[in-house]
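Spelled out, the chains give:
Number of protein chains: 2
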Amino acid sequence: MVAKQAYNVAVLGATGAVGRRILDQLAKSTIPFDQVKALASARSAGQTVPFKDGELTVEEATEDSFAGVDIVLASAGGSTSKALAPAAVKAGAVVVDNSSYWRMNDNVPLVVPEVNSAALKDHQGIIANPNCSTIQLVVALNLVFEKFGLKQVIISTYQAASGAGKAAMDEVLAEAQARLLGEDMADLAHVLPVKGDKKHYPLAFNLLPQIDVFEEEGYTHEEYKMIHETKKIILGDKNAKDIKVTGTAVRVPVMIGHGESVYIETGDENATADQIRAILADADQVVLQDDPATQTYPQPILAEGRRETFVGRIRPDLENPGAFHLWVVSDNLLKGAAWNTVEIAERLVDMDLVRVPDQSTFA
Amino acid sequence: MVAKQAYNVAVLGATGAVGRRILDQLAKSTIPFDQVKALASARSAGQTVPFKDGELTVEEATEDSFAGVDIVLASAGGSTSKALAPAAVKAGAVVVDNSSYWRMNDNVPLVVPEVNSAALKDHQGIIANPNCSTIQLVVALNLVFEKFGLKQVIISTYQAASGAGKAAMDEVLAEAQARLLGEDMADLAHVLPVKGDKKHYPLAFNLLPQIDVFEEEGYTHEEYKMIHETKKIILGDKNAKDIKVTGTAVRVPVMIGHGESVYIETGDENATADQIRAILADADQVVLQDDPATQTYPQPILAEGRRETFVGRIRPDLENPGAFHLWVVSDNLLKGAAWNTVEIAERLVDMDLVRVPDQSTFA
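As given, the protein sequences belong to chains U and W, one line each in that order.
With this note's numbering, the residue at position 94 of the first sequence is 94, and numbering never jumps.
With this note's numbering, the residue at position 219 of the second sequence is 219, and numbering never jumps.
By construction, these hints were calculated from the structure, which means they are not laboratory data.
Virtual Cβ for every residue (Gly too), placed ideally from N, Cα, C.
One or more of the hints may lead you astray.
[What the hints assert, rightly or not] Just the calculated beta-carbon pair ranges, DEER-fashion:
#1 U:Asp291 x W:Leu181: 29 to 39 Å
#2 W:Leu318 x U:Asp291: 33 to 43 Å
#3 W:Gly196 x U:Asp274: 26 to 36 Å
The following block holds chain U by itself, in its conformation from the complex:
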């Protein structure tokens, strides 16, 4: 079979903050695309979205939208992906899905290209893009894991409002304006911390230690996603079953760019911070920003609009040989969502995997 010369691409959820960025990243990608279709809910049909130097008219996404489509880049929420991804696969398209719905499915590779693009070889038509807080984490962790092994990872996140969508960003800006005018912010909170949950709190000039709904044992769904997705991605390596991963997810009044304070216990008591710096400095798509003398360290406003993952504040735990702190920042809408999605599609093209296998569970 010869790789196609050009692919027809559909972007599902094209009007959202991530969907628009998927279109932008697609335009800048190495993917040889032919027709590009913008799909969204019926409510958005007829709108236009920018693409390259022109624009696309948004069509309603239905089960019949995928005839002739080779690649679907989806960022339309779990229920839409649940309904439409199998329809797209049946129509012969490969779906790279940005929702959480398919991520833990055993028949769905969960991929960060720098980390585990080999997992793409077993795809059955659906590939999942991990959660934003997971992606930047595993980019950094995997490099350390490959060199020194990992025994334990403890994460505290500092996550931007944009992770909860454009309405959350608008809400924080409105709250900030109210606070600057000396007005009450409380009445303005309708979306955060979780759109469908019972209570809402202001995020401007505040911290909300709840991202997504609460589950068992007092953990939030976001925290479980970070734990389980990290294990699925890195622990695809059979020698890595024993890495312990735990953490706390906190929403902070930042617009774009998640921060993560990451504590790692490596498998090598002689590992040094300089060695970790050298590994990260050499890695593609990682930018080492770690120089106390020049006050150089990752910051969300410096990461905004960039595809890379930024790592700094690398320090040994002075009482626990082989353990280190890292501070990791990335644009949650790009590497954490749109760019990683398009990057997966680039790899599918490069690896000649843009096809649904005959025996797909989903077809």
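Let chain U serve as the given structure and place chain W on it in line with the hints.
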């Protein structure tokens, strides 16, 4: 010796954000005060500051300011405390100092009253108030330590702008206003992350993983303060020499109220989250805010203006028996500074320790 009926009190640094709150907390305290003096730099002399229903005229602080003073409550920065605290002690006053200068001095008790007020008995005229991020941390940690022991503590802080003073707060508000108007924030950063350091970055809608200057091994002074002060306070207990403490300090765009994501490994593999909740619920000056069903958890805007330390998000590490996550929030200007300072003075009064011992190092 009979305890005095009333004490003359001097507040040093009375015009600052913390100094004003010390005056307010003093007015609301159980300390029987007689004369109250407001002291500050020559630049502020002649200004007035509110006290009770009236106001005090600020006097210039000099070595001669302490005649007849029984208690000095100081929040005037390290160099002023270095110069004036011994002068106050020589004049017969007991100094409760909020700067970092005296904290690690072996002749100076470092005190959080709920944790180690017994250490006050050995004071030689100067008692140090710990760093804001340390105080709220040890309030929670000590309760767990006393019940279960502690092997390791790993902290990630989310620290408010007010920890860097009023100028930092004003800077963040100005940056936020610029951002809302679509203007550039970068030109407005002159104070944060550290007033005297070479570079300055905006904090509004950003994260700055630098608090205080950098020291050895890539740690900031704030991180070392948190580590060493925590050990001095909790490890006053001789059985506790082996607690490992490490962490990362990050400034967040919050005005008042520090958050801390705290991971603890207790000494008891059978400890449960419910037991920790019960201990914290019973503790004076701690408010347990930990109910996922009602989305109840500590938030800076709920802690502002309160004396207590708020703890929630208590969860077991599901892979490490005996280890837990806590989320701790407190008003950094009150429990983290002004209230803890006044509370130390209340304890000195209650314990009849408002006197300089004959053999003081400082007198």
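Status of the hints after comparison with the structure:
1. Checked against the hint of 29 to 39 Å, the pair aspartate 291 of chain U and leucine 181 of chain W passes, with Cβ atoms roughly 33 Å apart.
2. Remark: the range hint 33 to 43 Å for leucine 318 of chain W to aspartate 291 of chain U is upheld by a beta-carbon distance near 37 Å.
3. Taking 26 to 36 Å as the suggested C-beta distance range, the pair glycine 196 of chain W and aspartate 274 of chain U conforms, at roughly 28 Å.
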